[in-house]
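> Spelled out from the first residue to the last, the chains are:
There are 2 protein chains.
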Amino acid sequence: MYNVYMQKNFSEKVINRLTLYHCILRDYITEGKEYISSKQIATLLRIDDSQVRKDINLLNNSGKSRVGYIVKELKTSIEKSLGFEKTKKACIIGAGNLGMALAKYDNFTSYGLNIISLFDNDKNKIGKEINGKKIIDIKNLPEIALRDGTDIAILTVPGMFAQQTANLIIKSNIKYIWNFTPTVLEVPADVQVWNENLMGTFLQFTYNI
Amino acid sequence: MYNVYMQKNFSEKVINRLTLYHCILRDYITEGKEYISSKQIATLLRIDDSQVRKDINLLNNSGKSRVGYIVKELKTSIEKSLGFEKTKKACIIGAGNLGMALAKYDNFTSYGLNIISLFDNDKNKIGKEINGKKIIDIKNLPEIALRDGTDIAILTVPGMFAQQTANLIIKSNIKYIWNFTPTVLEVPADVQVWNENLMGTFLQFTYNI
Chain A
395 MYNVYMQKNF SEKVINRLTL YHCILRDYIT EGKEYISSKQ IATLLRIDDS
445 QVRKDINLLN NSGKSRVGYI VKELKTSIEK SLGFEKTKKA CIIGAGNLGM
495 ALAKYDNFTS YGLNIISLFD NDKNKIGKEI NGKKIIDIKN LPEIALRDGT
545 DIAILTVPGM FAQQTANLII KSNIKYIWNF TPTVLEVPAD VQVWNENLMG
595 TFLQFTYNI
Chain B
395 MYNVYMQKNF SEKVINRLTL YHCILRDYIT EGKEYISSKQ IATLLRIDDS
445 QVRKDINLLN NSGKSRVGYI VKELKTSIEK SLGFEKTKKA CIIGAGNLGM
495 ALAKYDNFTS YGLNIISLFD NDKNKIGKEI NGKKIIDIKN LPEIALRDGT
545 DIAILTVPGM FAQQTANLII KSNIKYIWNF TPTVLEVPAD VQVWNENLMG
595 TFLQFTYNI
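Protein chains in written order, with the numbering used here: chain A, 395 to 603; chain B, 395 to 603.
Careful: at least some of the hints might be erroneous.
As the list makes no split between identical chains, a pair holds if one copy fits it or if it spans any two.
Here are the simulated SDA-like pairs of lysine to any residue, each with C-alpha atoms no more than 20 Å apart in a straight line [stated by the list, open to error]:
hint	residue 1	residue 2
1	K527	Q445
2	K527	N454
3	K407	G526
4	K569	R440
5	K528	N491
6	K522	G490
Bear in mind the hints are in silico, worked out from the structure with no lab data behind them.
Let the hints inform the model, and build the full structure from the sequences given.
In structure tokens:
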């Protein structure tokens, strides 16, 4: 079926802001609030309210009343526009603290990120269960990824093992790597890497402290 | 003393790229490589090599030879330009998996981020040690933050406790919050929040999958 929501192409900045609006809306719903104004969103995020209105105008959002946007409808508009319902299958590679934190993060599912497996090479961890998912021997990655049709590998191994693990991910025919390691990976042209550059974020934030 | 490196004002995008170049250079040093070309950096990051040269030209970097940049000197130039030596004191609030992962991340120190304390409200965790740092009762945050002169609070508590914990951080006179929770915080004008919007990143990355 033709989906009117998926026509748009949002820039990365717009996607980033819409996700933050979505967090605010979710909290408003928890608090039982029905309406929200662009000014309220803008104040929380310290941006201009004309920016908020401009972003929301990009959505096919009908839930506007005299007292503000209808929280539930705006939330649904964002979810449809950003494709939350397009589920992607991901595996986490590296069951250390960060991998565990991500495996336990139930929020992912509502954004369409379905963590279906968890891999490690540590015999003491293999077989244990985290949030309903068994930790599998990394050796079995190619076979399991093929069986499950895994789209994304979330890489949370120590930096020194990052490249060799990436090589195994590539062999497993996974085309998207969300890289949480501090190593820049070498990958073939048909594989895309998203570097979650935590230290870059930190330096952007603290540069002027 | 007047520091020639600190005159520049880098944009967030430049800071982000320079941090990634730094990761590459660190790995080159580990591998014993002495020189690197803008082309090599550009290929790894899939950006244009003219962009790499432009970024490096912003640094006070003298280490250029006919065979490329001198890896060690370029690394030092980036560190000085981005102020890695300006140490900031941070505490982690929330000793769950994510907080633990960040507490164990030794890399932070080389970027000038010094994690000096770790807080939680769980009696089973208080008193335990993570990476040489004792977990302290969150009740003592105002007192400890004042004593230590803590600059940054890294917030890794569950979303539903985010705002009340932020209120305590504000009371403790900490002016910078690195927010890993999915909650948008309400803070006074003199407090800055950096939202580590993991789901925003994810959606930017997977929007076209």
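> Each of the hints needs a verdict: does it hold here or not?
Here is what the structure says about each hint:
no., hint, verdict
1, K527 <-> Q445, "neither (41 Å within a copy, 43 Å between copies)"
2, K527 <-> N454, "neither (37 Å within a copy, 50 Å between copies)"
3, K407 <-> G526, "neither (34 Å within a copy, 39 Å between copies)"
4, K569 <-> R440, "between (37 Å within a copy, 15 Å between copies)"
5, K528 <-> N491, "both (16 Å within a copy, 17 Å between copies)"
6, K522 <-> G490, "both (13 Å within a copy, 18 Å between copies)"
Hints 1, 2, 3, counting from the list given before, are not met by this structure.
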